[in-house]
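Spelled out, the chains give:
There are 2 protein chains.
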Amino acid sequence: MDDFSRLCIHTITTKPLRLDIAIGAYQQIGAGGITVWRDALIPLGLQESARLLTGSGLEVVSLCRGGFFPSTSAGERQKALDENRRVIDEAVALGAPLIVLVCGAAPGQSLQESRGQIEDAIAALIPYCEQANVRLGIEPLHPMYADTRSAINTLAQANDIIQRLGSPYVGATIDVYHVWWDDRLETEIARCGKMNAIFSFHVCDWRCPTRDLLNDRGLMGCGCVPIRQIRQWVEQAGFHGMIEVEIFSDELWKGDQMELLQQIQRAYRECV
Amino acid sequence: MDDFSRLCIHTITTKPLRLDIAIGAYQQIGAGGITVWRDALIPLGLQESARLLTGSGLEVVSLCRGGFFPSTSAGERQKALDENRRVIDEAVALGAPLIVLVCGAAPGQSLQESRGQIEDAIAALIPYCEQANVRLGIEPLHPMYADTRSAINTLAQANDIIQRLGSPYVGATIDVYHVWWDDRLETEIARCGKMNAIFSFHVCDWRCPTRDLLNDRGLMGCGCVPIRQIRQWVEQAGFHGMIEVEIFSDELWKGDQMELLQQIQRAYRECV
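Those sequence lines, one after another, are chains P and L.
Just so we're aligned, residue 1 is where the first sequence starts under the numbering used here, counting upward by one.
Just so we're aligned, residue 1 is where the second sequence starts under the numbering used here, counting upward by one.
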């Protein structure tokens, strides 16, 4: 029997499935964990979603996503902090120990300015995280998202913030899709591990060619990302948590989602 | 009167125009230079294209493009070298002192392996470049093109190769679209300048949102690239050559190309 106890599925990967159906499907393939996207909480509501998750036997690995901190307006930055406190409350309700941060970027200001605002915002949230016992994973996003989604585009930048803040509640989420191209990746993964700051690990693949900037990720093995190599680096750095499959794909969302989960099992076994 | 003597237009920017029409249009707006894409040579042929360029009064800044060196097959790598020698011959015929290199990547092997093959290939071409008196500009491409277009994705990587090869015939082409997100950009531009290796400078803008991975570049000023800042760094590093407008845009190619050139004049004046 294959062991899928370290396999975690993101609800966004099977976006067409309502949360209760998704939970059943993930149980059926023997997945060990689930990462919940906030939009997946809407149909059933937070309380009912939490009840289903608690009784599911699936480990709730993280809640996606907080962040979007920078803005040229101080009022908007304050609103973002309030919103992130609500995300922390939701994580508590769901039993999720970790929130993934897509940190944001504001086109009207420099990336450097945005990075400073991101660091300030995370620092401001730490007391609330300590109280809630919920951690924050800074996810470096691919440089093609530097315009509006994240000014944190390399693991080096995430590590710099993590090191300066020095809190056990702030670490990194490493997604192979975003970082595979970086020639400093091995070094920075090791550095992140030394800080005990590899909080989570996401996999999928980069299709060649990629047809859409957002929703054309591929199943592991179908593209050019050296997934197994990166997994090895992450594990050598001391990470032995869940391996999370996070795929945004208009193409895959169109198909049968149970079949997709079986393809994910195969791809996980053969290419991760 | 505005001075457009440092303004150079890439033929791809006005792709619908045949080379003779493009030359006339660039003269009309007072542009100082032209960079010729190889596809623009096809309708009139190399000799007639060369004759028109020579008589145009426009400075031929560079020929786009050579490169595409890596392959998992040694035979293909040899073919790529032969093809690049043909590109050098064409540059001589056109009076172009520089060839821009889109270095290539081979999905079947690691980026590190591809980078090694790129360096070997460029080294192999140096004697031919010396003989022809044609220089090669390594253009770092945005990491979203690391799958198949280029394994050189940062100016740091280009500078490393330039430094190791140590030839006055090998330098860098810096395109703001590809490098704007990089937090080491200022440092690496200075480093490149110290090697006298900033061979050319391309501008356009990154649209927010960007709708296509390849053909959705924007006019300078319409996006989030700090063009003026990067130009300042490049000039502080000693570069005072042409400022080349290279825009791939399905949207802009659909419109009147003479109007587009007038928009480029305005954008060049106000945002570069």
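Careful, some of the hints might be misleading.
Each pair may be met inside one copy or between any two copies, as identical chains are not told apart.
Below 25 Å or equal to it, Euclidean Cα-Cα: the simulated SDA-like pairs (lysine to any residue) are [claimed, not checked]:
(1) K194 x P127
(2) K15 x D160
(3) K15 x R211
(4) K79 x C208
(5) K194 x I21
(6) K79 x P209
(7) K15 x D39
(8) K79 x A124
(9) K79 x T148
(10) K194 x G108
(11) K254 x L17
(12) K254 x S71
(13) K15 x R191
For the record, the hints were derived by calculation from the structure and aren't laboratory data.
These numbers come from a predicted model, not from an experiment.
_Of the numbered hints stated earlier in the document, which are not met by this structure?_
2, 5, 10, 12, 13
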